[in-house]
Amino acid sequence: MKRLRVRPVLGLAVLATVLATGAALADPQRAPGVSRLSDPRVLLLPAQVEVWEIATTWFGVLKPEPTLNARRYTQAAIERELGHGRVVLVPYTAPADPERNDRHLALLNLHAMIRREVLGQEANPLNRLPSKRGRLEWSVGPGMAAFREDSSGATHALLLELTARRMVGGQHATLAALGSDRLIGSASLVDLNTATSYGSTPSAGEASIPRARPRAS
Amino acid sequence: MKRLSALTALALLAAGCALTQGNYRLVEPGVRSIDETYRVYSRLDWSSAAEGKIETWTVDGFSLESLKFYKGIADGETMLPNRANDITAARFRASMTPLESVEFVVDSLYGSPFTPRSVRPAHFGRADGFRFEVSYWRGDGVKREALVTGATVKGRLHVIIYEGTALYHFERYRPDVERLLESIALIDS
Amino acid sequence: MRGFLVFALVAPLLGACATGRGPTGPVADLRPAESPSGNTDEAGMWMQTERTETRMRISAAVVHDPALNDYIHGLVCRLSAEHCAAIRVYVVRDPAFMASMGPTGLLKVHTGLLLRMANEAQLSFVLGHEIGHYVRRHSLQRWEDFKAKSTYLGLEAESIAEFSRVNEREADQIGYTLLVKAGYDPREAARVWEAMLAESPSKNPPPTLFIGAHPSTAERLANLRESAATAATTGADLRIGRDEYLAQLRRIRHWLLDDEVGRRQFKQTQVVMRRLIEEGDGLGDLHFHAGEMHRRRGAPEDLTTAISEYRRALDFPDAPPEAYRSLGIVYARRGDRTAARDAFARYLEKRPTAEDHELIERQLADLEAPR
Numbered sequence: 000m001k002r003l004r005v006r007p008v009l010g011l012a013v014l015a016t017v018l019a020t021g022a023a024l025a026d027p028q029r030a031p032g033v034s035r036l037s038d039p040r041v042l043l044l045p046a047q048v049e050v051w052e053i054a055t056t057w058f059g060v061l062k063p064e065p066t067l068n069a070r071r072y073t074q075a076a077i078e079r080e081l082g083h084g085r086v087v088l089v090p091y092t093a094p095a096d097p098e099r100n101d102r103h104l105a106l107l108n109l110h111a112m113i114r115r116e117v118l119g120q121e122a123n124p125l126n127r128l129p130s131k132r133g134r135l136e137w138s139v140g141p142g143m144a145a146f147r148e149d150s151s152g153a154t155h156a157l158l159l160e161l162t163a164r165r166m167v168g169g170q171h172a173t174l175a176a177l178g179s180d181r182l183i184g185s186a187s188l189v190d191l192n193t194a195t196s197y198g199s200t201p202s203a204g205e206a207s208i209p210r211a212r213p214r215a216s
Numbered sequence: 000m001k002r003l004s005a006l007t008a009l010a011l012l013a014a015g016c017a018l019t020q021g022n023y024r025l026v027e028p029g030v031r032s033i034d035e036t037y038r039v040y041s042r043l044d045w046s047s048a049a050e051g052k053i054e055t056w057t058v059d060g061f062s063l064e065s066l067k068f069y070k071g072i073a074d075g076e077t078m079l080p081n082r083a084n085d086i087t088a089a090r091f092r093a094s095m096t097p098l099e100s101v102e103f104v105v106d107s108l109y110g111s112p113f114t115p116r117s118v119r120p121a122h123f124g125r126a127d128g129f130r131f132e133v134s135y136w137r138g139d140g141v142k143r144e145a146l147v148t149g150a151t152v153k154g155r156l157h158v159i160i161y162e163g164t165a166l167y168h169f170e171r172y173r174p175d176v177e178r179l180l181e182s183i184a185l186i187d188s
Numbered sequence: 000m001r002g003f004l005v006f007a008l009v010a011p012l013l014g015a016c017a018t019g020r021g022p023t024g025p026v027a028d029l030r031p032a033e034s035p036s037g038n039t040d041e042a043g044m045w046m047q048t049e050r051t052e053t054r055m056r057i058s059a060a061v062v063h064d065p066a067l068n069d070y071i072h073g074l075v076c077r078l079s080a081e082h083c084a085a086i087r088v089y090v091v092r093d094p095a096f097m098a099s100m101g102p103t104g105l106l107k108v109h110t111g112l113l114l115r116m117a118n119e120a121q122l123s124f125v126l127g128h129e130i131g132h133y134v135r136r137h138s139l140q141r142w143e144d145f146k147a148k149s150t151y152l153g154l155e156a157e158s159i160a161e162f163s164r165v166n167e168r169e170a171d172q173i174g175y176t177l178l179v180k181a182g183y184d185p186r187e188a189a190r191v192w193e194a195m196l197a198e199s200p201s202k203n204p205p206p207t208l209f210i211g212a213h214p215s216t217a218e219r220l221a222n223l224r225e226s227a228a229t230a231a232t233t234g235a236d237l238r239i240g241r242d243e244y245l246a247q248l249r250r251i252r253h254w255l256l257d258d259e260v261g262r263r264q265f266k267q268t269q270v271v272m273r274r275l276i277e278e279g280d281g282l283g284d285l286h287f288h289a290g291e292m293h294r295r296r297g298a299p300e301d302l303t304t305a306i307s308e309y310r311r312a313l314d315f316p317d318a319p320p321e322a323y324r325s326l327g328i329v330y331a332r333r334g335d336r337t338a339a340r341d342a343f344a345r346y347l348e349k350r351p352t353a354e355d356h357e358l359i360e361r362q363l364a365d366l367e368a369p370r
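These protein sequence lines are chains A, B and C, in that order. Be aware that the first sequence starts at 0, since it is given in numbering that gives the first Met the number 0, and climbs by one per residue. Be aware that the second sequence starts at 0, since it is given in numbering that gives the first Met the number 0, and climbs by one per residue. Be aware that the third sequence starts at 0, since it is given in numbering that gives the first Met the number 0, and climbs by one per residue.
One chain only, chain A, in its complex shape (with noise of 0.2 Å):
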């Protein structure tokens, strides 16, 4: 059975990940609007990192050892790779009040369907929307103050979500040779301000992870 190699193919996804978000706030040509700021203050909200082990392509269990090592490994990776210069990395705290807590879950879930709408336009070029005209920024709404006002005036916020899938079973030799075994990620750099996000989708295999690229100067 082949084994996924999760930490290094994660940790070059992250690396990807990180460093073409952070790319959005280089480089304003590529996602107008944004603003060079001077002392980002970047809070970091829960990877949603997850190990899945699929006997099918609907039926699994979540691999509890390996999930919670790859979030660790992605959490050290981001704080490495942003928390220096200017940047400021704010850890993430829950709300006590049960009511702030179910407002910031469905932010997340919002923004989370945001950024399935927009890979499924970036995935397929015949999916683009004309009414969108090249634009990159996609508003999450001016709720997304709830965290700012939340978490000690962090500027912006820094969503990443990768999926690990490893086949098992007796279906895995045949399923895994049409490439069932997968790496999918994304991340989002919300600004706080704006409620505009940038972000990124690397979508990476085993052989395949998607290639750096370097800081707009």
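Each hint should be verified, as a subset may be incorrect.
Unchecked claim - The following label-pair restraints were derived from C-beta to C-beta distances:
1) B:A93 with C:T53: 46 to 56 Å
2) B:K153 with C:R370: 17 to 27 Å
3) A:P94 with B:I86: 44 to 54 Å
4) C:T53 with B:G51: 37 to 47 Å
Derived by calculation from the structure, the hints in this document are not laboratory data. Don't be surprised by glycine CBs; every beta carbon is placed ideally from N, CA and C.
Assemble the complex: chain A is given as a structure, and chains B and C must be docked to it using the hints.
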């Protein structure tokens, strides 16, 4: 294995490369005819898709907000074409009062527990119609708001539904949609 | 992607004995307050369920009614005092006849089930069945079985389905045992399935690999009746809990019936309504909804029946004012303008701020205008 380089795609878009027209058409600001029954005037860019009698417009994406035109549901028809052979599905009757038409739309699309509010008479051009609002959730767990208006014109039911995420998208384009609904003008034939 | 194994009770049960053997050997019962550790599949299932539960809390489908939740949780504790602290009850607004238990003790009771239970004993039997799945770790067993049986040729579907039926029979047995131990009348267990059979006589629910295959309705019903017949029922003060249950249900039954009628499965709804009317509790509301069922189906003979049901409803003190609204709609449809006008006017007297009062006022004005 798909290798997607999103940054390449983004760079292309930013550089303004002409892309092949995909699955959706651009609806530019101006007057547009719907089903040769009425016209509307819009000030926004929309992307549109049509499937049978339902034409759907969106700005940001169909799961985020959409403006749907249900064109001319005839006597005995279901609102959704994929329920056409379902004997339990609600069917339109040309003799329905606006009150019954509201119930028909709710039965067809929402159902208990999503109950309409602010149900009132409304002009659909010069036809007497109805309008209401409803909040609802789909399986994705995101709350949505919908604004529904419609009327029977020449024996067929025309319905326009604007909906979007409650947290953001619904309110974002609501003023534009209200102006569009006010602009409805029946086409004399 | 869903990897969440859910045991859903969608059809009647069977009481034959079965042991809880997984494919690799016996699986020990879950101990009270136990949670799995390490990198086990079970720990993974728990992690998934926790995530689902968090999302569910903000979902509109969950009914936030503390009194109802406490009541149902109380029944769970009566059945299994040692496990009830770990079981969280969620009432889900959905007219399906369904209850489900996740591996972490996440218990979902759908409102369609609550509508169909006649008393505490019947609901407790269903809850006991779900507790059986939880304690016997059936989610884990089925996952292990599924993995073992998915070969490169495909899934051994029938074998998996049979294993699922073994689990269902086991849960039935446990549900029955818990019911009897808690002092309930064991004959009520069979009545749950009699009702189900009356509603869907010709089909068993289609098995899916999520919900699992169920033994046939008739098989399950026969075994339960047999068990109850041999149980000691004479001389014992057996609990049924009709009044207590109806007291809880009365507060919410109006919209449970709205949801049921809204399904537009009129044959099944008719069976449910007939049984509820026989029970005799809340007849005004019941006859109103019987009228709604006929009105929404809308065949010419249905309209006549609808009118007589609404009129019957209005004989009872608990008749909802909406009966007048519906009468107005039907009379208008049949061209009886005077009767329609009177009905709408009566409705607006009682519900001047109804959500649709403006539209009704417009219709009333049209009806009052000279032709």
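Next on the checklist: Tell me the numbers of any earlier hints that the structure contravenes, in ascending order.
Outcome noted: none
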